[in-house]
Amino acid sequence: MTVKFKIQGRTYTGTQEESLLGAIRRYGYEVPSLCYHEAVSPYGACRLCLVEVQKGKRRKLTTSCNYPVLEGIEVFLDTEKVVRHRKMVFQLLLAVAPAAKKLRELAAEYGVTETPFVPEDEKNECILCGLCNRVCKEVVEADAISFAGRGTSKRMESPYDETAEACIGCGACVHVCPTDCIGMKEENNIRSILRWHRDLPMQICKKCNRPFAPTFQLNEFAKRVNLDRARFDNCPDCR
Amino acid sequence: MDAKKLNTILDKYRREPSALLAILQDIQDEENYLPKDTIRQVAGELGVPLARIYALSTFFSSFSLEPRGKHICTVCMGTACHVRGAPRLVEHIEREFDVPAGQTTPDMQLTLETVNCVGACALGPLVILDGEYHGNMNPAKLDRVFRPLKKKE
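First to last, the protein sequences are chains A and D. According to our numbering, the first sequence is numbered sequentially starting from 1. According to our numbering, the second sequence is numbered sequentially starting from 1001.
Just so you know, not all the hints are guaranteed correct.
Said to hold, decoys possible - Quick list of the computed label-pair ranges, beta carbon to beta carbon: (1) D:D1107 to A:S192: 28 to 34 Å; (2) D:M1108 to A:V225: 45 to 51 Å; (3) D:K1004 to A:V118: 51 to 57 Å; (4) D:S1018 to A:A95: 36 to 42 Å; (5) D:D1107 to A:V225: 40 to 46 Å; (6) A:V225 to D:A1101: 47 to 53 Å; (7) D:K1012 to A:R58: 19 to 25 Å; (8) D:K1005 to A:V225: 34 to 40 Å; (9) A:E30 to D:S1062: 58 to 64 Å; (10) A:A172 to D:R1095: 47 to 53 Å.
It is worth saying that the hints were derived from the structure and are not from the lab. Glycine residues also receive a C-beta, built at the ideal position from the N, C-alpha and C atoms.
In isolation and in its complexed conformation, chain A is listed as follows (with noise of 0.2 Å):
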């Protein structure tokens, strides 16, 4: 159902189905945020993504990402309480997160260079936003990571923290980090996933001789959509 509403003052039309988040920016405002892609559903994990919305005569402020577009809202991007609570937001994320590249940079972009909080982990570069697992989950369907522990001990990891087995070695998880905390290579014909231990040897096309996918993707894949696994001897371009 498309609704109206406003950004910063002017009048703009979205669905309800839709994420907030989704909608402001494809209006072509900028809003920051770490955990949310629009393949998979939104966690609402990073907190970066703040705005202040206004429903009649109630204002508040939400994470926008996993918030709907409704009828007659008012949402305010840069508010002096957005701001203050963003820079809060990361402060904390660089203290869990010290070693995490891209978010120092996108929080330079804030105006945060410095966190007050004492880090826990030096090294750590794992924001504990779970888009890995999302992707793996909701878009891949290999299901193969997940969230272990809860509160302070939380982490992601494969079960029990050794080989994925169910990991197509696909690498979506890897692709969609946000702050490329997973690793991945190709080294001999072999993929490895390193954060999720686990190793795939490659399939290599029959026709120009080159590694493309690893072979126990190609076999998952022939299985889900009932084709005969010949049909993945070579690599789409040869196909």
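Use these hints to put chain D onto chain A, whose structure you have.
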């Protein structure tokens, strides 16, 4: 866990993936912890990703992925117990049985756990040994509670 026992548990819940939590509880009741190979079998039988079961079993502190001792001692560390000296009780047991909180003695006799409030604050500080609640504890009384355990050693 042997296949027959596991099948009985799975059948009890009609192999419903939604009963996963109850199934894990039953396994833990039988085995005292969640053995890795059993978890794998459950994942296979129910068609639930291993990662999801791993997430569940690490989330709830009532589940243990490590084998636990014959006796389980839980010390309440909630605010009320804490101010009445629960940390001293933990230290006392740690010293007496030479086991750090959260771990099991090498002879698998005792597992020492701490928990953040069991909801019996009026009885604090509170120690639970094998499901039995011992209130208003102090180190001297603790020794009495633990006497049957000490004798066996």
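Checked hints:
no., hint, in the structure
1, D:D1107 to A:S192: 28 to 34 Å, "41 Å, violated"
2, D:M1108 to A:V225: 45 to 51 Å, "50 Å, holds"
3, D:K1004 to A:V118: 51 to 57 Å, "53 Å, holds"
4, D:S1018 to A:A95: 36 to 42 Å, "38 Å, holds"
5, D:D1107 to A:V225: 40 to 46 Å, "54 Å, violated"
6, A:V225 to D:A1101: 47 to 53 Å, "51 Å, holds"
7, D:K1012 to A:R58: 19 to 25 Å, "49 Å, violated"
8, D:K1005 to A:V225: 34 to 40 Å, "38 Å, holds"
9, A:E30 to D:S1062: 58 to 64 Å, "45 Å, violated"
10, A:A172 to D:R1095: 47 to 53 Å, "51 Å, holds"
Checked against the numbered hints given earlier, this structure breaks hints 1, 5, 7, 9; the rest are met.
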